Structure formats: structure tokens, C-alpha cells
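**Student:** What follows is the residue order along each chain.
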Amino acid sequence: MHYVRAAVARIAGVFTRFRGDDDLRAEMEAHIELETAEHVRRGMSPADARRQAMLSAGGLTQAEEAVRDQRGIPLIESVAADLRYAFRSLRSSPVFAIVAIVTLALGIGANTAIFSVVRGVLLKPLPHRDGDRLVYLRQSMEGPGGANINFSVPEVRDIREGTSVFAGLAEYSPWAAVIQGEADAISIDVGLVTGNYFDVMGLAPVLGRVTTPADDGAAAAPVMVLTHELWMTRFGGDPSIVGRDIRLDGRLVTVIGVLQPAPYFPDRVNGFLNMVHSPHHLSAQMVQGRVHRMTEVVGRLKPEATIAQAKAEVATVYARLQSEYPEAYAAASHFKLAVIPFKDAIGERASVTLRLLMVAAIFVLLISTANVVNLTLMRGVRREHELVVRAALGAGIGRLRRLLLLENLLLAIAGAAVGILIAVGGLGLLVSLADRYSPRASEIGLDATVLGFTIGLSIVVALVLSFAAFLPREGSLSSLISAGMRRMSGSVRKHRLQHGLVVTQVAVSVVLLAGAGLLNRTMMRLADVDTGLRTEEVLTMDVSLLTPANAVAAFSDPSAIPAVHEKYALMQREIAALPGVIEVGVGAPMPLRSTSMRFEVKAEGKVLPAGEPLPRAESRIATPEYFGAAGIPLVDGRLFTASDGTGPELNVIINKTLADKYFPNESPVGKRIAWTGEILKFTPISPAWRTVVGVVGNTQDGGLDAKPTAAVFHPFAGSLPIGAGLVIRVDSNTRALIPAATRIIRRLAPTTPIEDVMTISQYKDRSIAPRRVNAALISAFGILAVLIAAVGIGGVLAFSVSARTTEIGIRMSLGADRAQVQRMILREGGSLVLGGLLIGVAGAWLGAGVIRGLLFGVAPHDPMTFGAVTALMAIIGVVACWIPAVRAARIDPAIAMRA
Amino acid sequence: MGNPYDTVMPDKLDVKQGTLALMILRTLDVLGSLHGYGIARRIEETSKFRLTLNYGTLYPALVKLEQEGFIKAEWGESENNRRAKFYTLTAAGRKQLARETREWHETADLIAAFLAPKWEA
Numbered sequence: 001m002h003y004v005r006a007a008v009a010r011i012a013g014v015f016t017r018f019r020g021d022d023d024l025r026a027e028m029e030a031h032i033e034l035e036t037a038e039h040v041r042r043g044m045s046p047a048d049a050r051r052q053a054m055l056s057a058g059g060l061t062q063a064e065e066a067v068r069d070q071r072g073i074p075l076i077e078s079v080a081a082d083l084r085y086a087f088r089s090l091r092s093s094p095v096f097a098i099v100a101i102v103t104l105a106l107g108i109g110a111n112t113a114i115f116s117v118v119r120g121v122l123l124k125p126l127p128h129r130d131g132d133r134l135v136y137l138r139q140s141m142e143g144p145g146g147a148n149i150n151f152s153v154p155e156v157r158d159i160r161e162g163t164s165v166f167a168g169l170a171e172y173s174p175w176a177a178v179i180q181g182e183a184d185a186i187s188i189d190v191g192l193v194t195g196n197y198f199d200v201m202g203l204a205p206v207l208g209r210v211t212t213p214a215d216d217g218a219a220a221a222p223v224m225v226l227t228h229e230l231w232m233t234r235f236g237g238d239p240s241i242v243g244r245d246i247r248l249d250g251r252l253v254t255v256i257g258v259l260q261p262a263p264y265f266p267d268r269v270n271g272f273l274n275m276v277h278s279p280h281h282l283s284a285q286m287v288q289g290r291v292h293r294m295t296e297v298v299g300r301l302k303p304e305a306t307i308a309q310a311k312a313e314v315a316t317v318y319a320r321l322q323s324e325y326p327e328a329y330a331a332a333s334h335f336k337l338a339v340i341p342f343k344d345a346i347g348e349r350a351s352v353t354l355r356l357l358m359v360a361a362i363f364v365l366l367i368s369t370a371n372v373v374n375l376t377l378m379r380g381v382r383r384e385h386e387l388v389v390r391a392a393l394g395a396g397i398g399r400l401r402r403l404l405l406l407e408n409l410l411l412a413i414a415g416a417a418v419g420i421l422i423a424v425g426g427l428g429l430l431v432s433l434a435d436r437y438s439p440r441a442s443e444i445g446l447d448a449t450v451l452g453f454t455i456g457l458s459i460v461v462a463l464v465l466s467f468a469a470f471l472p473r474e475g476s477l478s479s480l481i482s483a484g485m486r487r488m489s490g491s492v493r494k495h496r497l498q499h500g501l502v503v504t505q506v507a508v509s510v511v512l513l514a515g516a517g518l519l520n521r522t523m524m525r526l527a528d529v530d531t532g533l534r535t536e537e538v539l540t541m542d543v544s545l546l547t548p549a550n551a552v553a554a555f556s557d558p559s560a561i562p563a564v565h566e567k568y569a570l571m572q573r574e575i576a577a578l579p580g581v582i583e584v585g586v587g588a589p590m591p592l593r594s595t596s597m598r599f600e601v602k603a604e605g606k607v608l609p610a611g612e613p614l615p616r617a618e619s620r621i622a623t624p625e626y627f628g629a630a631g632i633p634l635v636d637g638r639l640f641t642a643s644d645g646t647g648p649e650l651n652v653i654i655n656k657t658l659a660d661k662y663f664p665n666e667s668p669v670g671k672r673i674a675w676t677g678e679i680l681k682f683t684p685i686s687p688a689w690r691t692v693v694g695v696v697g698n699t700q701d702g703g704l705d706a707k708p709t710a711a712v713f714h715p716f717a718g719s720l721p722i723g724a725g726l727v728i729r730v731d732s733n734t735r736a737l738i739p740a741a742t743r744i745i746r747r748l749a750p751t752t753p754i755e756d757v758m759t760i761s762q763y764k765d766r767s768i769a770p771r772r773v774n775a776a777l778i779s780a781f782g783i784l785a786v787l788i789a790a791v792g793i794g795g796v797l798a799f800s801v802s803a804r805t806t807e808i809g810i811r812m813s814l815g816a817d818r819a820q821v822q823r824m825i826l827r828e829g830g831s832l833v834l835g836g837l838l839i840g841v842a843g844a845w846l847g848a849g850v851i852r853g854l855l856f857g858v859a860p861h862d863p864m865t866f867g868a869v870t871a872l873m874a875i876i877g878v879v880a881c882w883i884p885a886v887r888a889a890r891i892d893p894a895i896a897m898r899a
Numbered sequence: 001m002g003n004p005y006d007t008v009m010p011d012k013l014d015v016k017q018g019t020l021a022l023m024i025l026r027t028l029d030v031l032g033s034l035h036g037y038g039i040a041r042r043i044e045e046t047s048k049f050r051l052t053l054n055y056g057t058l059y060p061a062l063v064k065l066e067q068e069g070f071i072k073a074e075w076g077e078s079e080n081n082r083r084a085k086f087y088t089l090t091a092a093g094r095k096q097l098a099r100e101t102r103e104w105h106e107t108a109d110l111i112a113a114f115l116a117p118k119w120e121a
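Here the protein sequences come in this chain order: Y and C. Position 611 (the first sequence) corresponds to 611 in the working numbering; numbering is contiguous. Position 15 (the second sequence) corresponds to 15 in the working numbering; numbering is contiguous.
Read the hints as simulated data drawn from the structure, not as lab findings. Note that the coordinates shown come from a computational prediction; the quantities given were computed from them, not determined experimentally. A hint or two may mislead.
Unchecked claim - Cut-off 20 angstroms, straight-line C-alpha distance, at most; resulting in silico cross-link-like pairs (EDC-like, lysine to aspartate or glutamate):
#, chain 1, residue 1, chain 2, residue 2
1, C, K72, Y, D23
2, C, K64, Y, E65
3, C, K64, Y, D23
4, C, K48, Y, E38
5, C, K64, Y, E38
Make the full structure from the sequences, and use the hints.
**Tutor:** Right under this line is the structure:
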């Protein structure tokens, strides 16, 4: 108990020490008087008595100090004094302080910003209940489009029954729907989910309820759960929406609840529907077809189960399935099943980019810290005298070290404060970048953890700065003092450290520049990629008259289809009549966009070598004008005519990739191909032979950096037009055409959303925009690094020149001319730059493989990039050395030696 | 320094860590209310001038005891009408004195037992 009282008293003492001082002095005075009186009583003269009393007191000041230490908390008080001193000391050299703070702010700001993204997107716990127990299952196979082929219902059932680690496995199918309002229509992405989905995902409603297993099955009423975002954007956060019916794909669906905000994966959906919304999902095809893979699977591990156990159990079941149903898992396609923690799966796409940015940011901090260390060292040499005097007056090395640490802490904290401002400024850009890679971008922010990270970082920086400076060693004081004058050059050890820091700065800059160079070359290559299309003056727009739900209904009842075709034809005709329009085509999907309608293709009379999987081609549909409007060249044969697709004969056009695969040395025209594979029986696509009437050029539908996929075009007239749109070629000014074209579509199809209205070149730009931001960020870091490094080189050399002024004066008076002096300084700087270049190029060479996945059209060890980076760094290095070298050459020997 | 009236200076001892608080408490217990100078004198006399106390040792100890609540201080008039700060034992101080005295005896016994003459083999 008395410890607590003592502690409280001491803390209070920190604040009341001045009042206590008076009290103490009075008490001491009384003591001396009492003692003096005693001496006098025993016969001393009053003067002697007082002197004796003072003597025996043994140093009043020390006594006062000791009592003060006991009364308050000495550490805090002396730290406060040091802090005041450090503050004054920095204020007296404002240029140093400002340069150091700005340099540190750049480094710390970059790290704070990037770390806040890393934390929001990769590290933060998921908002789902016990989110660390969620796993995502992914089935993949080799070949285009095989990275994620989903699961069939029987596969999910077998995994569920064959494993014991899961508390639940939920099914989810991506789906698209159209909300038809009174005056407009928007198309939304939704998830068709089993009733246990929300329980498995650990998501709770903020309003109403979520679906439960009671909402499964064909007898359930169609219901919808809104995401928080859709509720806010479409319904203005109106709580009365719960229980209301909304029109979805032409029929009424009851909204039963609004979900908590959460990242949605694998698709960014706007809402969830129960399975009854799609009769197809309840059909025997879907429920019994083992290769009818349309379902995503998420699972929740039991509390005691580990991810390793889950992997092992799932692998066992999967191996059994593969041996039981060999026809569903063609050996040549190398089927795989991965069990991935949900958080990792969400962060997968962002992870490489973010790690790269984090490393780049750390590099920038490294360079800026090195620079400030150099500044501190130079300042330290000038302060050496002051420190020596303080040490001689009794300040311990520890106390001096603490003083420096506080000074550096002040610098680092000020740097961090400015850095946080920089981070806040750059966060908007980073969030928009992260949004392209991760559904968790909205979770990015400067929260307590990020600020903790920043403060931790600045403390580390301050420690580094403090221990890089050398303090006079105990015992060496006398020699330092007897040297008498201010020393300018510092020790050899300090010199080496400074030089080492410059070499490091150059090396790290080279690595960053090389990364930036490679990414920028990738951007150039991507921009140069020939899309196989005309990119300018071609407007595309998605106009989906058939929603997926309507389309599925049309499988069984095709009577509605001719009306849809008629409506597209009408749009085509009316828009073609607008002034400036050259050609209008209709097709699905739009050029440069890929489709999941991908199936195996065989060619009549062609047998592939054993073990080679059949090629998979995209099934696309097009009117005769589609090719001309999009600028897709005809390579062989003919385009479609108006009669194709209307008669009994089945004609198709294939692209060059497919033609080269099956008909490498002959014309495919007149040959026959057919769709094949188990999956076809679940689609309306017939496996009948089709005659190739023409071959068209490849287009980069799978992305600019992907190999062109094989494609088969069907005549629009005979096909089910799912997800179709218009391709409009104009003679100039595409923008001016948009209002007129959309007016026509609105009139003809008032409840159909018109989306992605843009030219092909805009679409192309959009597809590479995230990579561009990424490359720009790395470039910005690289440029920043180089600038800081250049300042560092110049600064160290300038300091070296000023330290060697006398020496240079002697050399010149002994006959060295200005050119020789200049060369001498350039040599000193040049050797540092060269050393940094060698290490940097070696480091970049070794590290380049890491970003291989982010590159396109350029090798990680691209000699041109490396050459350019080396040359650039060398030039900047020489320029940075030049100024101090010229200044050295201007030294007047007479003045230098007299100084 | 020490006692200026003794011509023969016995060996000086430093005040052992932790024993000073006990001495102060005991002094106040015996003499009641006393000022700092008086405490110092009394301790020096009791130790037959083998201990000397300078202010740097005494006053921090007094502050500490006061912080711990074992003694309390108030300004008053000394025997020759000087203002001085007088220290008095509190109830908690009395308890602490009893405890420390007991502990000290135990320690002393223990050390005595260790330092006892060796047995014959």
C-alpha cells in the first residue's frame, strides 16, 4: 500500500517541485542555524560556528539535488530538460532540421501510405465472424480459362460428405440480374446462394434477416438480401425496403434484409438471391451433372480443425473422385483442387503488387534515413566540440546519448507528422489502385495500427540516427580537449560510414530505377499490343435485352427469341441511319471482352496426339456487320451473310488461333468442326458438325498480355443472344454520337440497362489502368530515391571538400592545378557512384525475377532497361559530384591555408 | 567531518542501505517530534559518532518516508525559537517500525548463526 502512496506522491512531485524547493531551502537553512547555535553554545565564535555548520552539511546543492530526485521522478525531469535543449538545438540549425524532416517525411509518408493499404487489403482481420476460419475452394485445370473452373453440385456434395473438418460448406453461383425501377433499369451482379451461405460466411444482417436453409428448394418464395452498398446507392438507405417487393428480371422478389458491409469474393456482388430464382440451378442437369461446374464453394472450419487437416481431407476425397469418375477429370488437363484461407484468396491478386510497393517504400525510407544519418554525421563533427565540453563538465556518455536520441526523436516524429500528411494526400490514389485488385479497398484507412506502425518506424529511425553518431569515448576526453581547436574532418571510421551510406543510396536507387524501368517498358509494350481491332472511332455498348434468367427460360421456351432478334435489328437499323455512322454490328460479347462460354472443339478427320487436350474455344455470336464495325480482318473465306443462321445449314467463322491449331497447312474453309464434351448436354448448344465459312484475325479478348484464345463465331441470327451489345463505327467524334444512340435504345427497350459505353481504345486503356498506376507509383518512388541519393552524394562530397580545404590549399600551393583538384574530388565521388552502381545492378539482377509476373513483353533482365538505368544513375551521380568538385577547384590556396 | 568535538576519530561507517529508515523511525519513536538536525544529531550520538549523516543522505530519506506515509512533517518552533520542520511518527510508521525491527532481528540472528565459530571436525 505504501508503495502506491509513494508513487502517487512522486508523480505529484514532478509538478510541484518548485514549491517544494522553497520549502526545502528553508528546512536546510533551519538545519544550519540549529547547528550553528549548537557550536556557539559550545564556545565557537559565531562566524566559525556557521562555517563549520556549512562544511558539515556536505554540499548543499548536492543535497538539494538528491532530495529533488527523491521527491519527483528524476528521469522524467531530466528528459524534459533534455527535450527542451534538443528543441532549442534544432531551432538553432533550422536548415538542417528542415532538410532532415522533409527527407524523413518522404520516406515515412511513403511507408505509412503503402502500409495502410497492405493492412486494409491483406492484414486486417476479415469483418466476417471468425473470418480466420473461412476457406475458399478452387478447382483448376490446365489450359485457357482453366484457372478456376468452379465445382458441380455432385462434387460439392461428395466433399461435404467425405470430410469432417468443415462446420459448413456453402454454395454460391455468380449471376446477373436487372432491377427494373419505375423509370430506369440497372443491371446488378448477384450471388445465387444456398440457405446456409450466410451462416457459413459469418455475415449478419443490419436490417431484416438473411436466408436460411428454409429458403432452399423449389417451393421457397424468391427472396433477396441486399448488400449494404446497394441498399445505400439504389435505395438511399431506406429501412422500409425490407419486406417490399422489387421487380427483378420481370418478376417480383421480396427484399428480406440488408447485409453488414463486407468484401464480397470472388465476385463483387450487389445482392444475394435464393436458388429458386434460377430454375436451372434446381434442375436435374445442375444437381446431378458432375461436370456441370457453376458453383463456387466457401467453407467454415470447425473451431478445432486446422487448414492443414482440411487440405488433407479434401485431397483424399478429391483423389477418390478422380479415380471413380475418370471421364470427369481428363488426365491430360491435370485437374487440381486447392483449399485456401479466405483472407488469402481475397488478397491474392493484390498481394504481389502491394508487396512490391511496400519494398519500394522501404527502399525510399532506407535512402532517406541514410541521407539524414549523413547530415547528422556532418553536423556531429561540428558539434563534437560541444559534446566534448559537456562530457568534460560531467555529463555521462549515457546522458549525451540520450540527448542525441531525443533530438533525433524530435526529428523523426516531426518527419512522421509531415509524412502522415503526405500519406493522407496520397491515399485516395492508392485506394483507387487497390480497388482494382481487391474488394477490401474500402477498408483502407489510417487506423490505430497504421499510426502505431508509423510511430514505431520513426522510433527505429531515431535509434539508427542516434547510434550512427559517434560520441567522445570516456578516457579520450583529454586528448580531444587538448587538441584545442574545432576539428572538421572527423575520424576515418566516420568517413567510411559516410561513404558506405552513399554507396548504399546509389545501389538502392538503382534497384528501384530498374524495377520502375521494367514496369514502364511493360506499359509501353502493352500499349503497343495490337488488339486485332480498330481502336479509334469504334463505340461499343452493352445492351442486354436478355438477362441470364430470361435466357435460361428461353432454353425451354424459345418462342420469345425472334422478338429479341427483331428488336436488335431495329436498333441496328436506326443507329446506322444516324449521321456519321459507318457501320453497326451486333454481337456477344463485345470485342476485347472474354466470355465464360468456353467449350472443347473437335475437327472432322483430325485426331490429336494422345495426351494432348482438345482445344477450348470461346463461343461468340456476331452479325455480318460486327467484324467490319470492330475492324476484325477477314483472313480467309467469307464473312457471314444475312442468310447465315436462318436456314438449316450450320455455318461458323473461326479465328486464326483455332485455324492454326487444326488446319496449320490448309485452308479451313469448307471443313467441319463441332463442339464437344460432357458439359454440352447442360447447354442449348448442339454438338452437330458446323461448316467453317471464314477465318478472321485474332483479337486480344483475354487481356492485352494474354495469348489469343481460340474462338468460334456463330451467326447472330440463329443464336440465343445472351449479353449482347452494339459495335458502332463512326467517321469521327464518337462522343457526339452517344446521346443519339442511347436515346434510340431507351425508346426501343426502356427497361434494359445500357452499360460500358466506350470506344475500344478507352476499354483497352481501362484494362491496363491499374498496371499504369502501379508503374507510375514505382517510378515516383524511383525518382524520389534518385533525387534523395543525388542530394546525399553532393552533400557528402561538399562536406569532404570543406573538411579538406587546408589540404587542398597545400596541394595547390605545391603546384596542383585546378583541373587536378577537380579530378581528385570527382574521383572520390565517382568511386562511390561506381561502387553503388555495381552493387545496385547486381542486386537488381538478382531481384528482377521477383517481378517476372508483373512484366509483359520484356525480360526481367532486359539489357536495354539495365543499360538505361545504369546510364541515368551514372549521369545523375556525376552531376551531383560536379558541383562540389568545381567548388573545390575554386579554393584560393592563400585563404585556405591561412584559415 | 563527523563530530567536531572528538579528537579521537573512530573508524567511520557508511550508513548501510535500508538501515537509515529504521534508525529514523526508531529515533522518532523514542523522542517523539523532532527536526532534521535533531534526528541527525541523535543518530550520530547513538552510533557513538561512528556514523555521520550529511544532508544529501538524510533529507531524501525523510522525503521518502513522508511519501510512504510513515512520518508526517509540520513547521514549528524549535527549543531556541527557530522555525524548523518537525517530523512525527504516524500510526503506519509505528507499524512499519515494529515490522522492520522484527525483520532486522531475524536477519541479524541469521547472519550471527552463519558467522558463528567453526565446529571442531
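**Student:** Now tell me if each hint is right for this structure.
**Tutor:** Now the hints, each set against the structure:
1. C:K72 - Y:D23: holds (15 angstroms)
2. C:K64 - Y:E65: holds (14 angstroms)
3. C:K64 - Y:D23: holds (15 angstroms)
4. C:K48 - Y:E38: Roughly 18 angstroms separates the two Cα atoms, so the pair holds.
5. C:K64 - Y:E38: Measuring from Cα to Cα gives roughly 27 angstroms; hence the hint is violated.
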